[in-house]
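Protein sequences appear in the order of chains A and B. Residue numbers for the first sequence follow this note's numbering, beginning at 2 and rising by one. Residue numbers for the second sequence follow this note's numbering, beginning at 2 and rising by one.
FYI, nobody ran anything at the bench for these hints, they're computed from the structure. Be aware that a few hints might be false.
[Stated by the list, open to error] Computed spacing ranges between beta-carbons, pair by pair:
id	chain 1	residue 1	chain 2	residue 2	range
1	B	SER64	A	ARG66	32 to 40 Å
2	A	ALA282	B	TRP75	53 to 61 Å
3	B	TRP75	A	VAL27	51 to 59 Å
4	B	SER294	A	GLU41	40 to 48 Å
5	A	ALA212	B	PRO211	53 to 61 Å
6	B	VAL65	A	GLY232	20 to 28 Å
7	B	TRP75	A	GLU183	57 to 65 Å
8	B	VAL65	A	ARG66	54 to 62 Å
9	B	SER26	A	GLY147	48 to 56 Å
[Stated by the list, open to error] Partial chain A-side listing against chain B, Cβ under 10 Å, derived:
id	residue
10	ASP297
11	GLU299
12	ASP304
All C-beta atoms in this analysis are idealised placements derived from N, C-alpha and C, irrespective of residue type, glycine included.
Here is how the chains run, residue by residue.
Protein chains: 2
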Amino acid sequence: MSKVLALSGGVGGAKLALGLSRVLSVGELMIVANTGDDFEHLGLSICPDIDTVLYTLSGLNDSVRGWGVANETWSFMDQLKQLGGESWFQLGDRDLALHIERTRLLQQGHSLSQVTLHVAQRLGIAQAVLPMSDDPVRTTVHTAQGDLPFQHYFVREQCRPVVSGFSFAGATTAKPLPALLECLRSDALEAVIICPSNPFVSIGPMLAIPALREALQATTAPVIAVSPIVGGQALKGPAAKMMAELQLPVTAAAVAEYYGDVLDGFVMDACDASQAGAITAVPVCVTQTVMKSLADREQLARDVLAFAGTLA
Amino acid sequence: MSKVLALSGGVGGAKLALGLSRVLSVGELMIVANTGDDFEHLGLSICPDIDTVLYTLSGLNDSVRGWGVANETWSFMDQLKQLGGESWFQLGDRDLALHIERTRLLQQGHSLSQVTLHVAQRLGIAQAVLPMSDDPVRTTVHTAQGDLPFQHYFVREQCRPVVSGFSFAGATTAKPLPALLECLRSDALEAVIICPSNPFVSIGPMLAIPALREALQATTAPVIAVSPIVGGQALKGPAAKMMAELQLPVTAAAVAEYYGDVLDGFVMDACDASQAGAITAVPVCVTQTVMKSLADREQLARDVLAFAGTLA
């Protein structure tokens, strides 16, 4: 059974998941990705957070562009525009292979978790990478311009609309992945790491599944979140903008408060050390959380695991 | 209404269709493509003959490779192989845009003819390009290795199995495209050109639709086939190999005999002039039919149209 469970959204979360995968032995780490931003587009089933984790763990990711696959080409999009197709969501030619193969396997009746494990294996990833649920959960962003499916908000509208809240269609009836519940109930589990992902739209969909939230509260392993807010900003994505629009302080402390009683510990960046005293609900670990290099990813993984050891 | 109707399979037929499109005025030509070799692959609706006609007429075709799109890239196939997907059917990145967009439009409820006209328009093609029917017709090749769906025979098995016959699932109930029947019944129609395509698997599926065969027999316009067999060989594809395996003489005359009472005239290459006397059922035009250059395509188009004028 896995010793460490990492809950991840996209780019930021996948960085720490990669660090964890490199400091833990094979079989010790399970990575569970958000599926709230999955969507169907051009007839394809697209799972952006799962894909980012898969590409990051396999080393196929484009670290310069920050998303998608390295050595990507764009002939498909170029031609699709000529045909008048929907071109607001960029799909690289290499990336397309994953979407087409996944869509085909799902249509054959395989579950999303089976497909994800299959792809991870084909890409040479030794760790278990899984969706939070095989049941669809779909994030809607409530904005001043109306309700938007997540990718319409995130990609098509480039996060411009002012956010007033979120809903997660399917979450209340979605079953957490059995392997995930089993992991959370296992005595072997030593830590649950909520990676530095967007609390609202990357981790929020997981917490919106009642049985998953309960299992996180009930697990005997310490649940530790790493703040995605550093120095009042999100390193990537709209988390800080969302907090401001939701009238929340744009601070690491506000992230800890959002997670509430799910948490047993909180990791924040050294630059926010002055806020550490404001967090009284759980122990706080202050360290370097900005992951620029591979060494940074590994060091943060070690720091978080060491912190978990003190909470056991 | 169209003055000329061209019936085409893939590469060879599309060459003459291109020639016809350049010597006729806009609105004078309707091109109808075979759909017997259409298939569903990786969840996509693929129509190889329609695509070849579209790429050829739009000038997007790769004239060096002989199929698909020029300036093609192959990142998708490369990545699909890494994922363990089915890779026997080559799908270029640019080509994929057409399959994905068509599949999406078909799933939205548009007919294949609507989608084909839409794509033709987007690609700047002034002529009407249409499928023979909106109803699916699927060619099966009967071989010594058993029955094979057409693309399995043609691409996966590279035409190696010995052929004993063909069947065309759906043909007896398929409705010819109404615009095609209307064209064949029109007084404005001056010629029907059966392009130099494979008689069995490119034109055969059209003739297997009873109402289409009857309409070809009933039309007042002369129906003229151009032989795909030149000097005992097919310029492209398995037509000659199939004729040998079916115990037919591999000659232009045998092609004329295969078309039988559908024909009002037959065009064969000058190198086969000695066989012209063997064809007694219909008038024969002997000319240069090998289309290497664009000028060749235009000249053959002119020759065929002039021949049609003598039969009117």
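Cross-check of the supplied hints:
Evaluation of the 32 to 40 Å hint for B/SER64 and A/ARG66 yields a pass: the beta carbon distance comes to about 34 Å. Checked against the given bound of 53 to 61 Å, the beta carbons of A/ALA282 and B/TRP75, roughly 54 Å apart, stay inside it. Distance hint check for B/TRP75 and A/VAL27: the Cβ-Cβ separation is about 33 Å, which falls outside the suggested range of 51 to 59 Å. For the pair B/SER294 and A/GLU41, the beta carbons lie near 46 Å from each other, so the given range of 40 to 48 Å is met.
One distance hint, 53 to 61 Å for the beta-carbon pair A/ALA212 and B/PRO211, holds here, with the actual separation near 59 Å. With their beta carbons about 56 Å apart, B/VAL65 and A/GLY232 fall outside the hinted range of 20 to 28 Å. For B/TRP75 and A/GLU183, the Cβ-Cβ distance of about 42 Å falls outside the hinted range of 57 to 65 Å, so the restraint is violated. Range check, B/VAL65 to A/ARG66: Cβ separation about 32 Å, and the 54 to 62 Å hint is violated.
For the pair B/SER26 and A/GLY147, the beta carbons lie near 50 Å from each other, so the given range of 48 to 56 Å is met. The beta carbon of A/ASP297 is not positioned within 10 Å of any beta carbon in chain B (closest approach about 28 Å), and the interface hint is therefore violated. For A/GLU299, the interface hint is violated, since its Cβ never comes within 10 Å of a Cβ in chain B; the closest pair sits about 26 Å apart. For A/ASP304, the suggested interface contact is broken, since its CB lies about 34 Å from the closest CB of chain B, more than 10 Å.
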